[in-house]
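Chemist: The chain contents come next:
Number of protein chains: 2
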Amino acid sequence: MKHEGVLIVLSGFSGAGKGTIVKRLMSQYDNYALSISMTTRAPREGELDGREYFFSTKEDFEKRIEENGLIEYACYCGNYYGTPKDYVQKMLKEGKDVILEIELQGAMKVKEQFPQALLLFVMPPSAEILKERLTGRGTETAEVIESRLARASEESEGIEQYDYIVVNDVLDECVERVHRIIDCAHDAADRNRAFIADMRRQLQKFSQKDTE
Amino acid sequence: MKHEGVLIVLSGFSGAGKGTIVKRLMSQYDNYALSISMTTRAPREGELDGREYFFSTKEDFEKRIEENGLIEYACYCGNYYGTPKDYVQKMLKEGKDVILEIELQGAMKVKEQFPQALLLFVMPPSAEILKERLTGRGTETAEVIESRLARASEESEGIEQYDYIVVNDVLDECVERVHRIIDCAHDAADRNRAFIADMRRQLQKFSQKDTE
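Protein chains in written order, with the numbering used here: chain A, 1 to 212; chain B, 213 to 424.
Do not rely on the hints blindly, as some may be mistaken.
Unchecked claim - Sample of chain A residues with no beta-carbon within 10 Å of chain B, all distances over it, derived:
1) Y32
2) T39
3) E45
4) K58
5) E59
6) I65
7) Q116
8) K131
9) R193
Unchecked claim - Restricting the straight-line Cα-Cα distance to at most 35 Å, the calculated cross-link-like pairs of lysine-lysine (DSBU-like) are:
10) A/K111 <-> B/K308
11) A/K205 <-> B/K323
12) B/K270 <-> A/K109
13) A/K109 <-> B/K417
Just so you know, the hints here were simulated from the structure itself, not pulled from any lab data. Please read all numbers here as calculations on a predicted model, not as lab measurements. Note that CB positions come from ideal geometry on N, CA and C, so glycine has one too.
Just chain A, with the same shape it has in the complex:
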């Protein structure tokens, strides 16, 4: 079976460890590609076009929107951010499993355009542990932690829209788990229609021969 890649949406609460999971997937396995977002904000020092972001003008970005060239996009603080469709499709065709690290709203737009996309939601083992992790970082003010927890509470409304939930308790196990879920998705009947059709044709040929 030769597979096109799987399009993966990885979402999760702030503090659930999404970013770390993505980094580990990219470094431990060679089947993944990370989708690069496009933005109209100016590059910061050290950022490279095509690495951190694809940097674009407002005019080009809006042209892409018109031409349906973005899987999803949003506007934050007067700048556009979005996922270019052509790059993702190219990677999928090359057989790469492409990871989008985006939030619920974007995830739903991806599912509309790529019904076979695999939606994963990363969760802590409990809300208590999420709070501990946010507090334990020691880098955030109480106010920031509170707003993150309030945001998590909002985000938790959409979890049932995802295909799988992954509990991030022990990081190594969680990364392995995410990898397995994606790996198994390759065997979905939906993704193997050509293989099934080919098997059917071969069997029909045998049956015809046998009755000749």
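Chain A is already provided as a structure; the job is to place chain B on it using the hints.
Modeler: What follows is chain B alone, placed relative to chain A:
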């Protein structure tokens, strides 16, 4: 996360190795239970009630049909064969992943009553290899092999109704593959609604505290 078991339907062409896969799953892992069929045919020598089959009278069997006590059933050669619902439900509640080794028609009936059932179809790597395997057994006449291939051709019409296809090329790998697919199914959001709802309640409590 505490899970109820997953109900698994395992189908596949004759000669694809279903029976061997089920035996290996049962002996290698301790999370599986095999559904035991009920039949009205007489026990053969060495067969035990509750091991090979649950043996039943025609009257009792028909009463079960009326009471919707069978997940699926069929009549072959004047005898009923079916899958008792209560036994399967008991095993699922105990957290066992219950395997039904049945064919397409039965599989569709299972899916109707248990929409979360996981439907797996075992295939050989190619039709050519299926033919070789059937021939290689040396126990079947050319006529039997032909009728099996014709039957496989018919069965291949329904493969798209399954959730996953599993190619049985190297047996060990195939068994591991089937086990992984079932294992990952436990993380489906659909199967974790209680866990998600509980997380939501906890997060809401934090948010309320924070705004007090």
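Chemist: For every hint, state whether the structure bears it out.
Modeler: Consistency of the hints with the structure:
Every C-beta of chain B lies more than 10 Å from that of A/Y32, the closest at about 17 Å, which supports listing it as non-interface. Non-interface status of A/T39 relative to chain B is upheld: no Cβ of that chain comes within 10 Å, the nearest being about 30 Å off. The Cβ of A/E45 sits about 36 Å from the closest Cβ of chain B, beyond the 10 Å cut-off, so the non-interface label holds. Every CB of chain B lies more than 10 Å from the CB of A/K58, the least distance being 36 Å, so the non-interface label holds.
No Cβ of chain B comes within 10 Å of the Cβ of A/E59; the nearest lies about 40 Å off, and the non-interface call holds. Its beta-carbon lying about 30 Å from the closest one in chain B, A/I65 satisfies the requirement of being farther than 10 Å from that chain. With a least beta-carbon separation of about 13 Å from chain B, A/Q116 lies farther than 10 Å from that chain, consistent with its non-interface assignment. At roughly 6 Å, the least C-beta separation between A/K131 and chain B is not larger than 10 Å, which violates its mark as non-interface.
Against chain B, the non-interface label of A/R193 is violated: not every CB pair exceeds 10 Å, the least being about 7 Å. Of the supplied pair hints, the one linking A/K111 and B/K308 holds, its CA atoms being roughly 32 Å apart against a limit of 35 Å. Simply put, A/K205 and B/K323 have alpha-carbon atoms about 31 Å apart, close enough for the 35 Å limit, and the pair holds. Note on B/K270 and A/K109: the hinted pairing is violated, with a Cα-Cα distance of about 54 Å set against a maximum of 35 Å.
Taking the CA atoms of A/K109 and B/K417, the gap is near 30 Å; set against the 35 Å cutoff, the hint holds.
The structure does not agree with the numbered hints 8, 9 and 12 stated previously, though it agrees with the rest.
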